[in-house]
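2 protein chains.
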Amino acid sequence: MKNKLNFKTSDLEKMEKQIVVHLINSLGGFKSVALVGTSDMQGNTNLSIFSSFFHIGANPPLLGMIFRPSPPERDSMRNILDTGFYTINHINESIYRQAHQTSARYDRDVSEFEATGLSKEYKNDFFAPFVQESNIQLGIEFKEKIDLAINNTSLIIGEIVEIFIAEDCLSNDGFVNLEKANTITCSGLDSYHKTIQMDRLRYAKPNKEINSLL
Amino acid sequence: MKNKLNFKTSDLEKMEKQIVVHLINSLGGFKSVALVGTSDMQGNTNLSIFSSFFHIGANPPLLGMIFRPSPPERDSMRNILDTGFYTINHINESIYRQAHQTSARYDRDVSEFEATGLSKEYKNDFFAPFVQESNIQLGIEFKEKIDLAINNTSLIIGEIVEIFIAEDCLSNDGFVNLEKANTITCSGLDSYHKTIQMDRLRYAKPNKEINSLL
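Top to bottom, those sequences are chains A and B.
Quick note: the first sequence, position 78, residue 78 per my numbering, numbers continuous.
Quick note: the second sequence, position 38, residue 38 per my numbering, numbers continuous.
Only true hints are included.
Since the list can't tell identical chains apart, any single copy or any two copies may satisfy a pair.
Within a straight-line C-alpha distance of at most 27 Å, the following computed DSS-like cross-link-like pairs (lysine-lysine) qualify:
#1 194 x 2
#2 120 x 205
#3 194 x 180
#4 14 x 2
#5 180 x 17
#6 17 x 143
Hints were generated in silico from the structure; no laboratory data involved.
Note that the coordinates shown come from a computational prediction; the quantities given were computed from them, not determined experimentally.
For reference, chain A alone in the conformation it holds in the complex (with noise of 0.2 Å):
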């Protein structure tokens, strides 16, 4: 067992404000990183990196994710609301310093796309665009914002409407071996990670020996 460090509430209230941003961001443990594809009713676009994704059922297929407080104006939650669409895609080894990029305070008239080279796609007739460098790209119809007060972020809630998986990952049992996609995780706010899959395990029951599904 390793020697541990305690912080408390009023330890946290001493630190320096931005030591306190990354222990905290980084304390919730690997998280789901994707780009937001938007735009807004013009075609001019608009493309984000969110580390705040989260399952909330399958069945509708809904996704979760947070937006920090307003103002400033988030062009993306903005797109998302004044159009209803928006496309999120995973982020793999060959783009993820391209996808840091886009959280840099751009004009509201240039576009991520072009500023970080990422390439726009447009398909199925779906309102916002993919990034084609994705090998997991979702479609998402807005369906509800949720305004937390006690921070004053929001949750934005989706349905996934549009599924592109590159079609070596998907397993037969509907399991998406990410690891085939090149989709990375990410800590903290600005650490990238690749992952090596240890095992999958058997659905599990009470006094049952866990097995490997490999």
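Dock chain B against chain A, hints included.
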């Protein structure tokens, strides 16, 4: 670019339910997975694996998680609501099989600590039990329950009030090296992964080259 399979809402409706569950649980990307420790007022403990944690904010330090619909009654949620406290314990390579086993449907008088052999740890007078084998342990105070009418799940928001981190994992800038803590990630319902850090990237600015922090 890899060839991609395409599924729409109408395709999902034709698939076997369990395949959709695996598929949709995979599509959000790698997830934050951890063990939630609780106790009822009589000291009967409960331990359960969750993979729906997400960062809500650093100041105050807030984490969210999603609970599936009740009934059936969710022991962890009942304990959180009754007592106001829970722990979030990172899962590492040495304990992921036991962590997975906590998802079995044990009778209510069985503690998953005893059933899986993971060790209860009480400290700093915190009400809920920590998992001794975890290298990162968080004591959480319940703040808010928001019912999501869209699919009858519940969002539980808690504030991090106690932090225990293995001492070699904390960087000067507040970043926590989750790999030194052996923290793992998961994908889908049952796949467990360790990680390899590719880089930490500097805060992005328009028209500046992206630099490594390492």
